[in-house]
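Novice: Here is how the chains run, residue by residue.
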Amino acid sequence: MIRLQGYQRSDGRKGIRNLTLVAYLVECAHHVSREIVYPYREAGCQLIGFPGCYPNPYAHRMMESLCTHPNVGAVLLVSLGCESFARRRLMDAIASTGRPVDLLIIQKEGGTRLTVEKGRKWVAEQIEAISTTEKVEMGLDELVVGTICGGSDATSGMTANPAIGVAFDRLSDEGAACIFEETGELIGCEHLLARRCVTPDLADEVVASVEKARRYYEVLGHGSFASGNAEGQLTTQEEKSIGAYAKSGSRAIAGLIKPADLTPHGGLYLLDVVPDGEVRFGFPNIVDNAEIAELIACGSHVILFATGRGSVVGSAISPVIKVCGNPETYQRLQDDMDVNAGAILAGDSTLQKVGDEIFDQTLAVAAGAPSRSEALGHQEFILTYKSFDPIGPACLPTV
Amino acid sequence: MIDVLQIHPNDNVCVAVRPLPAGWQVQCAGVTFVLPEAVPIGAKIALARMRGGDKVLKFGEPIGSLTADVEPGRHVHTHNLESDYLHTYRRGELVSGGRWVDP
Chain U
-11 MIRLQGYQRS DGRKGIRNLT LVAYLVECAH HVSREIVYPY REAGCQLIGF
39 PGCYPNPYAH RMMESLCTHP NVGAVLLVSL GCESFARRRL MDAIASTGRP
89 VDLLIIQKEG GTRLTVEKGR KWVAEQIEAI STTEKVEMGL DELVVGTICG
139 GSDATSGMTA NPAIGVAFDR LSDEGAACIF EETGELIGCE HLLARRCVTP
189 DLADEVVASV EKARRYYEVL GHGSFASGNA EGQLTTQEEK SIGAYAKSGS
239 RAIAGLIKPA DLTPHGGLYL LDVVPDGEVR FGFPNIVDNA EIAELIACGS
289 HVILFATGRG SVVGSAISPV IKVCGNPETY QRLQDDMDVN AGAILAGDST
339 LQKVGDEIFD QTLAVAAGAP SRSEALGHQE FILTYKSFDP IGPACLPTV
Chain E
162 MIDVLQIHPN DNVCVAVRPL PAGWQVQCAG VTFVLPEAVP IGAKIALARM
212 RGGDKVLKFG EPIGSLTADV EPGRHVHTHN LESDYLHTYR RGELVSGGRW
262 VDP
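Chain order of the listed sequences is U and E. Read in the numbering used here, the first sequence has 361 at position 373, and its numbers run on one by one without any break. Here the numbering used here = 1-based position in the second sequence + 161.
Only chain E is shown next, with the shape it has when bound in the complex (with noise of 0.2 Å):
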């Protein structure tokens, strides 16, 4: 059973196929690395060692730009990766630039 697909061979993310351990070695794409944490199913892992600003591929198209520097095995998510056209708007947050709150 495989853990992560490479969806395009110009992909510097892999995806998790099933959730997965803090700790799980995974080789994808020539690369073999540890997750430092626990991902859930469909998690974008970084292939490579890149850096803010660099373009994130999946299906071998931009996804959007790193907002901070990645280590092979990280997480990539909305914590270090932002559209290059429309802000990604998450649970809580006001559209008008205030917070809700939301427990």
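Chain U with its partners taken away, still in its complex shape (with noise of 0.2 Å):
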């Protein structure tokens, strides 16, 4: 059995990473959020936040979740002083898991200056308080792995998804909960879908859940599919789905879940990310990062990120690695690539060798070795509204 060593957090969960987060609650105290993090931004410090002036449940939960999430360590909340974020209720949350927190109120602390020098304070000594935190004994079943595909081509398909997928039946075969997502971009791969999951309501709460896609993008009039797909040789949503589908590898699907549900236990699972209900609120993801930020609200460590055209993103909170898939874009971005999956097509390696890689690369970023975004100092982070209804009881069969 692969051990790793992680932080201890108060809910059971560890952390691969120990952060000091700041996290704004409004668009107008992001400037002030995001000078306060600046000197420290290699030091560990990291910035989230909600733009929105009205409240949101979605967002909320997220920024909760987000939080108290097990790569954090302590958390400095930002308000302007005058939005709607229940600001008090997420400190009580945060403070309720053990974690350091502390809010500051830009109106009342006398404006920009004042609060940046408080908040700066305060991060400096968090960092030093937080350094000294003990790391135990952490098993691969206590580790949950995302994964995402963006800036894809049709070499993700071939080449760095399917690696993916190696990586991923290795990871929950060794007790790992793994996570895949954008049922937008499953479109045309239900039936395939169906047939891997662990009952028959399941499998019905999975094709329901790209049906709900196909008519959100149906009436928005665009799919998940960026022109640049189609300079990639991309041609059709079913096809670029085919492609992004491989990512889940090949074992059974254990439960559907929506934004910030933890996964139970290992194995796999579908996040569905499209909201319930009437279209509201624009475009259900609008940027592969607002993805990545579900992805780890539902409590991954790390991120597996499958691109064809080259993205360089990362994220806060979790590393994320960059699985390249094109050899062309890889030869131009080696620097932004932690996996060349390109080199399967370049006759140079094969899909299991390459996901061999990935599997031993997941375990050295969850020990602690920077991913290339991150040591590229990579912290992307966007959320925004959208709405869910609780996940049914036919999503999770084996709680």
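Just so you know, these hints were derived from the structure itself, not from any lab. Wrong hints could be hidden among the right ones.
Within a straight-line C-alpha distance of at most 20 Å, the following computed DMTMM-like cross-link-like pairs (lysine to aspartate or glutamate) qualify [unchecked claim]:
{"id": "1", "chain 1": "E", "residue 1": "K216", "chain 2": "E", "residue 2": "E232"}
{"id": "2", "chain 1": "E", "residue 1": "K216", "chain 2": "E", "residue 2": "D230"}
{"id": "3", "chain 1": "E", "residue 1": "K216", "chain 2": "U", "residue 2": "E178"}
{"id": "4", "chain 1": "U", "residue 1": "K106", "chain 2": "U", "residue 2": "D161"}
{"id": "5", "chain 1": "U", "residue 1": "K341", "chain 2": "U", "residue 2": "D161"}
{"id": "6", "chain 1": "U", "residue 1": "K200", "chain 2": "E", "residue 2": "D245"}
For each label pair, taking beta carbons as the anchor points, the in silico distance ranges come out as [as the list claims (entries may be wrong)]:
{"id": "7", "chain 1": "U", "residue 1": "S215", "chain 2": "E", "residue 2": "V195", "range": "28 to 38 Å"}
{"id": "8", "chain 1": "E", "residue 1": "P170", "chain 2": "U", "residue 2": "E125", "range": "18 to 28 Å"}
{"id": "9", "chain 1": "E", "residue 1": "A229", "chain 2": "U", "residue 2": "G127", "range": "47 to 57 Å"}
{"id": "10", "chain 1": "U", "residue 1": "P381", "chain 2": "E", "residue 2": "A183", "range": "36 to 46 Å"}
{"id": "11", "chain 1": "E", "residue 1": "R212", "chain 2": "U", "residue 2": "H179", "range": "49 to 59 Å"}
{"id": "12", "chain 1": "U", "residue 1": "D323", "chain 2": "E", "residue 2": "P170", "range": "36 to 46 Å"}
{"id": "13", "chain 1": "U", "residue 1": "D161", "chain 2": "E", "residue 2": "H169", "range": "43 to 53 Å"}
{"id": "14", "chain 1": "E", "residue 1": "G184", "chain 2": "U", "residue 2": "S375", "range": "51 to 61 Å"}
Bear in mind the structure is a predicted one, so any value in this text is a computation, not a measurement. Note that beta-carbon positions come from the ideal geometry of N, C-alpha and C, so glycine has one too.
Two chains, two frames, some hints: make the complex.
Specialist: Following this line, the structure appears as structure tokens:
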């Protein structure tokens, strides 16, 4: 059994990083928060936040899940003062986990300069205080790994995505929880997903979630398909889908979850990221980092990111490992890439070998080695309005 | 070094695993043909003569319907293949139906 080391959290989960998070509760507090983080951005201090002035249950739940993510050791909340975010409720939720937490209200602190000064002082103290946190043994069955593809092209589905599928099979066989997502990029694969579900009722839920995505995108008049996908020789949504689907590997699908739902045990899960109900608030996932934030809110410690065109993003909170499917892209962007899956097309490697390499990289990053995007300082984060109904009883049949 | 790959035995297209020039002779799945035009890495190339309305199979699964007849060796992409689910957006096209200029 492979053993890692992690930071013990009060809810029983363990973290592979020990970050101090600064979270703005409205866009109006974004600049002040960014200024607080800036001198400590390479010392384990990171920035997240929610831009809206109006409250939204999804956004609140996301913020609460992210602020209590196992990779987070301390949290500073920054409010302008007049926005609607339920800041005391969020602060209490964080405090109840035993994490150091503080709240600065810019309108009470005396403005930008004084809030930045006070915030930096608090951050410096927390970084110092949590630096002595002892690590404890962590099993692979305590690890949660998410996967996403972005900047996809025709090579993604032949190399990077199926290689991640190989790694997903190995990780879930070792007891890890593995989450794949974007039901809008599974349109056309419903029948393939259905026969892998552990119960017929779960299969019905999964098929319904993809049908919901199709309806949602039809109303918007635009699928999960960017012009760069076509420039990379992908022609249709269903072609992109079959390539994206390969990330899920071959194991049985144990459950269907929604953003900020935690995986109850190891195995393979589908994350439904398309909102419920009528179409509201615009596009479900305005960009890859919106989905990465949702995978992280579901507990993902590490994200495996397949790209063909060459995405360079990372993320706040959890490290992102880049698997590049296109050998031409890899040549141009290798400083940003962790794994060269394009070597498969060049005849220099195989799916199995690249899958093993992704598995090894996942363990190395979980053990503390920085991924490429992490080393380059990428800490992208985006959170917008959405709305979800709770999952039904058929979605987690083994609980 | 191989030029193209038929991903699944049922596929009626193969995929270029590197850029291939016009006039290049390709052998795949028992068919031999000459490429009428250069294709980039990842391009789909017809393996058989197909009619407009026929389903294109890749990974053994339908990925859309042809909008024009194709001969073996022909590049299959947005100019002759359409989704059976959702319209494929391209840069310069306005979602609501108008057009943006994007030189």
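Novice: For each hint, tell me whether it holds in the structure or not.
Specialist: Status of each hint after checking the structure:
The straight-line distance between the Cα atoms of K216 of chain E and E232 of chain E is roughly 14 Å, inside the 20 Å bound, and the hint therefore holds. Taking the CA atoms of K216 of chain E and D230 of chain E, the gap is about 11 Å. The hint holds against a cut of 20 Å. For the proposed pair K216 of chain E and E178 of chain U, the alpha carbon gap of about 18 Å is at most 20 Å, so the pair holds. Between K106 of chain U and D161 of chain U, the direct Cα distance comes to roughly 47 Å. Violation of the 20 Å bound is thereby established for this hinted pair.
The straight-line distance between the Cα atoms of K341 of chain U and D161 of chain U is roughly 17 Å, inside the 20 Å bound, and the hint therefore holds. For the proposed pair K200 of chain U and D245 of chain E, the alpha carbon gap of about 16 Å is at most 20 Å, so the pair holds. Take S215 of chain U and V195 of chain E: their Cβ atoms lie about 30 Å apart, and the range 28 to 38 Å holds. Evaluation of the 18 to 28 Å hint for P170 of chain E and E125 of chain U yields a failure: the beta carbon distance comes to about 47 Å.
The supplied range of 47 to 57 Å is met by A229 of chain E and G127 of chain U, whose beta-carbon atoms lie about 56 Å from each other. Separated by about 59 Å at the C-beta atoms, P381 of chain U and A183 of chain E break the suggested range of 36 to 46 Å. Range check, R212 of chain E to H179 of chain U: about 25 Å between beta-carbon atoms, so the 49 to 59 Å window is missed. The beta-carbon spacing between D323 of chain U and P170 of chain E, approximately 39 Å, falls within the hinted interval of 36 to 46 Å.
Between D161 of chain U and H169 of chain E the Cβ separation comes to about 25 Å, which falls outside the hinted range of 43 to 53 Å. Evaluation of the 51 to 61 Å hint for G184 of chain E and S375 of chain U yields a pass: the beta carbon distance comes to about 56 Å.
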